[in-house]
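Just so you know, the sequences run in chain order A and B.
Here the first sequence is numbered in this note's numbering, starting from 1 and rising by one per residue.
Here the second sequence is numbered in this note's numbering, starting from 1001 and rising by one per residue.
It is possible that part of the hints are untrue.
Simulated pairs of lysine to aspartate or glutamate, DMTMM-like, Cα-Cα distance not exceeding 25 angstroms [what the hints assert, rightly or not]:
id: 1; chain 1: B; residue 1: Lys1186; chain 2: B; residue 2: Asp1221
id: 2; chain 1: A; residue 1: Lys317; chain 2: B; residue 2: Asp1095
id: 3; chain 1: B; residue 1: Lys1151; chain 2: A; residue 2: Asp186
id: 4; chain 1: A; residue 1: Lys310; chain 2: B; residue 2: Asp1128
From the derived model, a few chain A residues whose C-beta atoms are all more than 10 angstroms from chain B [as the list claims (entries may be wrong)]:
id: 5; residue: Phe40
id: 6; residue: Thr59
id: 7; residue: Tyr63
id: 8; residue: Asp70
id: 9; residue: Phe160
id: 10; residue: Gln241
id: 11; residue: Phe370
Just so you know, the hints here were simulated from the structure itself, not pulled from any lab data.
Ideal Cβ placement from N, Cα and C applies to all residues, glycine included.
Chain residues, written in single-letter form:
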Amino acid sequence: MSAATLHHDGAFAAARRRLRFGPLWLAAPGLAFLAVFFLFPVLRLLGLSVQDLETSAWTGDHYARIVATDVYFRVLMSTFRIAGLTALLSLLFGYPLAYWLAQLPERQRGLAILAVMVPFWTSYLVKTFAWMVILGRTGVINQILSGTGMPTLPLLHNEFGVMAGMVHAMLPLAVLTMLPVMTTIDRRLVQAAETLGAPPANAFWLVYFQLSLPGVAAAGLLTFISSLGFFIVPALLGGPQQTMLAQLIITQIQEMLNWAFAGALATFMLVAAMVTCWVYDRLFGLSSLSGETSGRAGGGQGHLRNAGMKTLSALAKASAALGGPVGRLLGPKMMDRLLPLYSALVIVFLVAPALVVVPIAFTTSPFLDFPPPGYGLEWFRVYFNSDLWVSATVRSFAVAFATAILATLVAGLAALALARSSSRWRGAIFAFFLAPMIVPRIVIAVGLFYLFAQIGLVATDLGLIIGHTVLALPFAFVAISAVVKGHDWRLDQAAATLGANRFRTLMLVTVPLIRGGLVAAFLFAFITSFDELTVAIFVSGGVKTTLPKQMWDDMILQLNPTLAAVSVVVFAIVMALLLIAEWLRRPAR
Amino acid sequence: MLSPLAQARTAPVQAGAAATPKLLVDGLTKRYGAITALEPTRLEVPAGEFLTLLGPSGSGKTTLLQMICGLVEPSGGRILIDGQDETRTPVHKRDIGLVFQHYALFPHLTVAENIGFPLRMRGVAPADLARRVKDALEMVHLGHLAGRFPKELSGGQQQRVALARCFVYQPSVILMDEPLGALDKKLREHMQYEIKRLHRETGATIIYVTHDQEEALAMSDRICLMNHARIEQIGTPHDIYARPKTAFAADFIGVSNIFRGQVRRDGAGTPMLVTGNGSFRLSADTPERPDGALVVRPEQLDIDGEGDNEVRGEVVDTVYAGSETRVLVALGGGEETITVRLRRGLAPPRLGEVVAVRWRADAGVLVS
Ligand SMILES: Nc1ncnc2c1ncn2[C@@H]1O[C@H](COP(=O)(O)OP(=O)(O)O)[C@@H](O)[C@H]1O
Ligand SMILES: [Mg+2]
Chain A
1 MSAATLHHDG
11 AFAAARRRLR
21 FGPLWLAAPG
31 LAFLAVFFLF
41 PVLRLLGLSV
51 QDLETSAWTG
61 DHYARIVATD
71 VYFRVLMSTF
81 RIAGLTALLS
91 LLFGYPLAYW
101 LAQLPERQRG
111 LAILAVMVPF
121 WTSYLVKTFA
131 WMVILGRTGV
141 INQILSGTGM
151 PTLPLLHNEF
161 GVMAGMVHAM
171 LPLAVLTMLP
181 VMTTIDRRLV
191 QAAETLGAPP
201 ANAFWLVYFQ
211 LSLPGVAAAG
221 LLTFISSLGF
231 FIVPALLGGP
241 QQTMLAQLII
251 TQIQEMLNWA
261 FAGALATFML
271 VAAMVTCWVY
281 DRLFGLSSLS
291 GETSGRAGGG
301 QGHLRNAGMK
311 TLSALAKASA
321 ALGGPVGRLL
331 GPKMMDRLLP
341 LYSALVIVFL
351 VAPALVVVPI
361 AFTTSPFLDF
371 PPPGYGLEWF
381 RVYFNSDLWV
391 SATVRSFAVA
401 FATAILATLV
411 AGLAALALAR
421 SSSRWRGAIF
431 AFFLAPMIVP
441 RIVIAVGLFY
451 LFAQIGLVAT
461 DLGLIIGHTV
471 LALPFAFVAI
481 SAVVKGHDWR
491 LDQAAATLGA
501 NRFRTLMLVT
511 VPLIRGGLVA
521 AFLFAFITSF
531 DELTVAIFVS
541 GGVKTTLPKQ
551 MWDDMILQLN
561 PTLAAVSVVV
571 FAIVMALLLI
581 AEWLRRPAR
Chain B
1001 MLSPLAQART
1011 APVQAGAAAT
1021 PKLLVDGLTK
1031 RYGAITALEP
1041 TRLEVPAGEF
1051 LTLLGPSGSG
1061 KTTLLQMICG
1071 LVEPSGGRIL
1081 IDGQDETRTP
1091 VHKRDIGLVF
1101 QHYALFPHLT
1111 VAENIGFPLR
1121 MRGVAPADLA
1131 RRVKDALEMV
1141 HLGHLAGRFP
1151 KELSGGQQQR
1161 VALARCFVYQ
1171 PSVILMDEPL
1181 GALDKKLREH
1191 MQYEIKRLHR
1201 ETGATIIYVT
1211 HDQEEALAMS
1221 DRICLMNHAR
1231 IEQIGTPHDI
1241 YARPKTAFAA
1251 DFIGVSNIFR
1261 GQVRRDGAGT
1271 PMLVTGNGSF
1281 RLSADTPERP
1291 DGALVVRPEQ
1301 LDIDGEGDNE
1311 VRGEVVDTVY
1321 AGSETRVLVA
1331 LGGGEETITV
1341 RLRRGLAPPR
1351 LGEVVAVRWR
1361 ADAGVLVS
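Taking the hints into account, I'd like the entire structure generated from these sequences.
Structure representation (structure tokens):
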């Protein structure tokens, strides 16, 4: 073959490659869905924020008003303060727990993780309700205090209440993000450091901690971004000083229908999230979020790296200086027990709120006394006899089911597409599917509300399903991608050589083998929808309410034991789902 | 390939018995619940020796090594370095270097930073540190890779970095736990040579773990053969090859033909071993024992040659191994085969041919 034809062939193949996406076509439904119901509404909301309401001319007035108006500016600042503090505390409390989990034997670790996950599976409204019961003026803690003759403490409707609720909600996310990084750290490296002469404090900070940094940063990023959009916790557990941006946006829409101003507020939130992501990407590479190892293991270069190492050396010195006397004070036996003891306490903090709700659901009192004066089924009766509650439950269930199916299907196709593709679009598409996780929910919800208002989807089940699917897609996508990544594609090739066509290969070989991922995706999507309030607050209403929306309305109005009964029902449903999922995921014997 | 006799070296000149050994392990033992990972063990290592711990997987080599460097706490016994009791010294204060099987290079540090780590921990001044790191890198021929991260290196290069990181701070005892286990054969042979060179150049005391008998024979001043959490035999490679004390030792090192039986004396008082394959004359200096296993190496057997003892059997296979040819001969009912090295210049026998295999009485060793 001459050089000329070689060249020609090469160019031809390259041209064909440029046109062909190959397996990437499988991602097309998901891409189209996200383009219409995520990208377009969010961009339009941003567009609204720089338009004059009447003339539609370009204007920066809305932004100027936010910065100039004291109240708005304060809310902006308190949003960043609360989110930042939540991220910081979640890392501080979560790191030792994750460290402890990482060195447990596999079986015990699995059990401990189940406990850590309890708040994760508990609905936001249930969790918040529980904290109100625990921290209230006549709540569990204060009743214990006054019972023992001590003065009661103001625990609710202040910064403390908000931080308790936020950290409780974010701690599992922080721990579960750090854990995979920590379990892959080779503990022999710490031993190696010690044989090379590093005292234990140095070996920890200079080796283990530095290797766990990507996990710490990822956890910080995720908790900060998720905290930015909170409104349930600050609204119910905080006071006026703890008002957050999302609450402001909701008021602007619900009470004033001021889209442009809400858009400007949303932009602030979005920009904060984006900037955080950008900084993270600079330092660690976003790809490490999905568990792929980044090329920047050292984190940064040159000066930054040196400064980082100096800081860690200083930390090592400080902790050695601190650890010495403490160790002498407590003795080696006690020192060894410190970490398990601490971990047990944190796990109690995570699990206890869900448990407190249960006795109150069975109280005979119309108030939230703790412990209840007597036990009965009164409040379950109220719940089951209420058309409003029952229809809200049924709607939530149906919407969650539809969302789970849709999200698993769309995400499954996309995950398969990306796993088999080597296209240069791969990274971008991957990021796009994860984007709804990064963009604060409230931004998506307001954007969708605007869109739905125009195409008549407000107060419809379809509108809810679409909105929830947007929110659930990233979780489903991550769950399936994780399994597909480990899938042995030679098995599919083997099936093909044995005479199975593509569809039958998919159904008989691929799907059964990635079943675990599919079940997890379904579960995540179901629970995302079942617990979803942000979209529901705008898109559902009146008799067409969902369970979280109904709880929210009730909690704002008046706390009552029916809410506890509802919480128990919600909790039971989720637990039942988890059990079924676990059973389905287990490989058939 | 298998000519350890030719390669066998003499043991290093032993220092006077009065000199304290570099390392003394005395009654050291480790139990994990019901499992005994190491029976009470005594081991003396003179300064500058290259000692190999050789034994099958699970025989307690790693446990012994990790107790010496302090990563595992002994259930009993003492560890003395230069006569000092170091049993309770924390890991980081022992003057011991450990080279891990999978190198344990810090992935977040560059090659130079990895090598500089132990110096940093010892508070070496920056200028001095840089110079010593440079020297260490040159010693392992990696001067051009100082700025790379470990994962950007090949397996052999990573191994050298691990060696440099250990030699750079000149610990008085260096421990290596199967350091070449992850390398392919060619590279392994080269690295064996490199490690020997480092040993010569630095005069370090090295305790080296392997389960590869060829590696042990090629590298060691002495071999400490381990089995079932105990030391089976200690000696120079030549000692262990030529005078194994147990059937296990004979079987583990080199290829052996083993005949088990009862010891009798014939009329002239010559010791004989009565086995299922016939009675064999033993060498005159065989110690008194009721029974045992007779070990004869393939190169001591000869087909149709001279000898005091003879077995007959059918040739079932011939194996050409480059420098030599081995013949497998089935004895009796074909249950047992022996391996014979074909004498140079002899044409291999045909398969199925019945041959007489002979050896001299003093060639065999009777072991327990
Ligand atoms: N942490 C441990 N817990 C329980 N048993 C162990 C532990 N470490 C080693 N053992 C046991 O001790 C024995 C010796 O192990 P090891 O020293 O690793 O052998 P080698 O290095 O020769 O392969 C093995 O039977 C092993 O199962
Ligand atoms: Mg070992």
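List, from low to high, the hint numbers that the structure doesn't satisfy.
Failing hints: none at all.
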